[in-house]
Amino acid sequence: MITRRRMLFLLPAAAIAYPYVLAGTPESAPNYGSAKHWWGMLLQVDKCIGCGNCVRACSAENNVPEGYYRTWVERYHVTGGPEDSPKVDSPEGGIKGFPPSPYTGGKNFFVPKMCNHCVDSPCTQVCPVGATLHTPDGVVLVDEKYCLGCRYCVQACPYGCRFLHPVKRTAEKCSLCYHRITQGLTTACCENCPTGARQLADLKNPDDPIHEFLRTHSVQVLKPHLATGAKAYYHDLDGSVR
Amino acid sequence: MPFDGFMYPNEVELQWSVLIVVYPFLTGLVAGAFILASLERIFHVEAVKPTYRLALLTALSFLLVAPLPLQLHLGRPERSLEMYLTPHTSSAMAMFGFVYLWYLMAVILLEIWLEYRKEIVLLSQSTTGLKRQMYRLLTLGSSNLSEGALKVDDKVGWVVSLIGIPSAFLLHGYVGFIFGSIKANPWWNTPLMPVVFLFSAMVSGIAIVLLIYMATCKLRHIKIDMRCVDTIAQYLLYTFIIDFGLEMLDLIHRIYEADESFHSLNFMMQTKLFFSQVVLQIALGTVVPILTLGFIQIFHVPEKVRKLCYSICGALTIIGIFAMRWNVVIGGQLFSKSFLGYTTYKVDLISREGELIAAGLLLLPFIILAVMVKILPPWPRDEVSAAD
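Listed in order, the protein sequences are those of chains S and X.
Counting from 1383, one number per residue, gives the positions in the first sequence under this note's numbering.
Counting from 82, one number per residue, gives the positions in the second sequence under this note's numbering.
In case anyone wonders, no lab produced these hints; they're calculated from the structure.
One or more hints might be untrue.
Residues from chain X that keep clear of chain S, each with C-beta distances beyond 12 Å, as calculated [unchecked claim]:
hint: 1; residue: Y133
hint: 2; residue: L155
hint: 3; residue: Y165
hint: 4; residue: W183
hint: 5; residue: T208
hint: 6; residue: M215
hint: 7; residue: I259
hint: 8; residue: N266
hint: 9; residue: I305
hint: 10; residue: D306
hint: 11; residue: E341
hint: 12; residue: I371
hint: 13; residue: F376
hint: 14; residue: F380
hint: 15; residue: V382
hint: 16; residue: F420
Computed Cβ-Cβ distance ranges for the label pairs, DEER-style [said to hold, decoys possible]:
hint: 17; chain 1: S; residue 1: L1608; chain 2: X; residue 2: K199; range: 37 to 43 Å
hint: 18; chain 1: S; residue 1: H1599; chain 2: X; residue 2: G441; range: 56 to 62 Å
hint: 19; chain 1: X; residue 1: S223; chain 2: S; residue 2: G1449; range: 57 to 63 Å
hint: 20; chain 1: S; residue 1: T1486; chain 2: X; residue 2: E341; range: 23 to 29 Å
hint: 21; chain 1: S; residue 1: P1518; chain 2: X; residue 2: G435; range: 40 to 46 Å
These stretches of chain S come out as covered by chain X in the derived footprint (C-beta under 8 Å, 3 or more residues) [claimed, not checked]:
hint: 22; segment: 1447 to 1456
hint: 23; segment: 1470 to 1479
hint: 24; segment: 1583 to 1594
Quick caveat, the model's predicted, so the values are computed rather than measured.
Each residue gets a CB set at the ideal place from its N, CA and C atoms; glycine is no exception.
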């Protein structure tokens, strides 16, 4: 039974707890059923031309601060066998495209990178307050109202996808344009890719072309030995890509 | 360009600064000092008795400062309380607050209070004015000095010490686990990390108490108890040998296994970390003290020379352990997770995470210790009056 004395204790406790309860509440998106989706992305290395459209679109869509990247493009130059170290560059994350390659011979190719929205994401595991979270539709998000800025998640991400926002002082990364995909749109990077090298994939939607693609093509994930359950699926990924 | 080769674009900036070097260094000193104190209490090593109380106060001084570097490092320090209110149970870091509080409240403070209760009560009766009020407050209302009550103090203190040993292991082993469990970083990712952290903590804690004891004797113009410092030096040597053995095991394992990260890490040790790892940590900070302390064990060395050797070895040990923390924390961020490039850490002099703040945090425990020694003198009563 709640007595007056208990009420006196409970009210301040509830007042302290309330902002934290609110901070953990996801933004509402009417008509969107998160349980009906399971998002990932298909990235086709053979189609990427290194134009940097995706990086620019992401930067504009998400107000990414200069010098930091939610997505970026790497250019690989590989000669000889897999034992040779590849030559890699990504000037300003490829936001302005790439200058001509200084290397001749061997092969050159571009690799778009982004958060892998891992199923067993190390960044989510290590966050001391749960500010990095898995949404029910398979997206890894950061709650900026809750993040402490301890940067343990940045250390734990094997793919270098995270950074500390220089103004907000909280962790930041690709949100898979969650504000767009929950409105039935695709991500900014996918929408602006001129060759279709990036395709948003809904693995729970049986009509999504991803299923046909996965059945008929060979796909890989980055650093599979780390068993993070990455959902950025790469087609035509060279063994030298790190 | 601040980096060589290829870094992922977000990696160029180092995330964990010198303050994160200071944090495991301070907690290591806490755990080590406490373990030295428990040698007397639990294992009845009578020779180290003169340092028992001093070691406890040292542990508390460093423990009080230990969370400050973390707090200063946070991007949003005003939210740090969330770690207590809504901890994420799968996070190694989330447990810090609880392990810290447990260690502070249930182990260190309780043990110090029980150890000093008799003095506090006597001081609350013999002093006047504000001092009297302070000591009366410190008695926590318990002023019973009967034989039975003191016996209970002693028994409970013993139990707290006993619980304190695994707690000290937990405190610092846990700090090692924070690094050792990061599978994305091969420099950190080893199950040996908590054990290495633990033994290096013991080494640094023993060394700091040895140095503080010798310094306080000099300041108080009191003869150093050579039996005491010889025994501490002996324990320092033993833990050093285990610590060095573990570190070498880790190194040899990495060299023999030579996984995909090996070339990257090997390059770092030969270039960016050569001075801090090979020269400071291994040669000056470990090999020289082990050889010197070992030599003293085998050959007869005059007292004066021994004292000098202990001071030099203690100082080298502290520098070496700080270098070890530096090599782990900073070294682990100097190479790209693509293993294709290296970056550089440039520490500012004056900034929230700069050298000046780090130096201040390293000095602060000594100031706290000086105040605490005034309030709760750790020396035997006859020595107090002799020094006065």
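Enumerate the violated hints, using their earlier numbering and listing them in ascending order. Checked against the structure, the hints that fail are numbers 2, 3, 7, 8, 11, 16, 17, 24, while the rest are satisfied.
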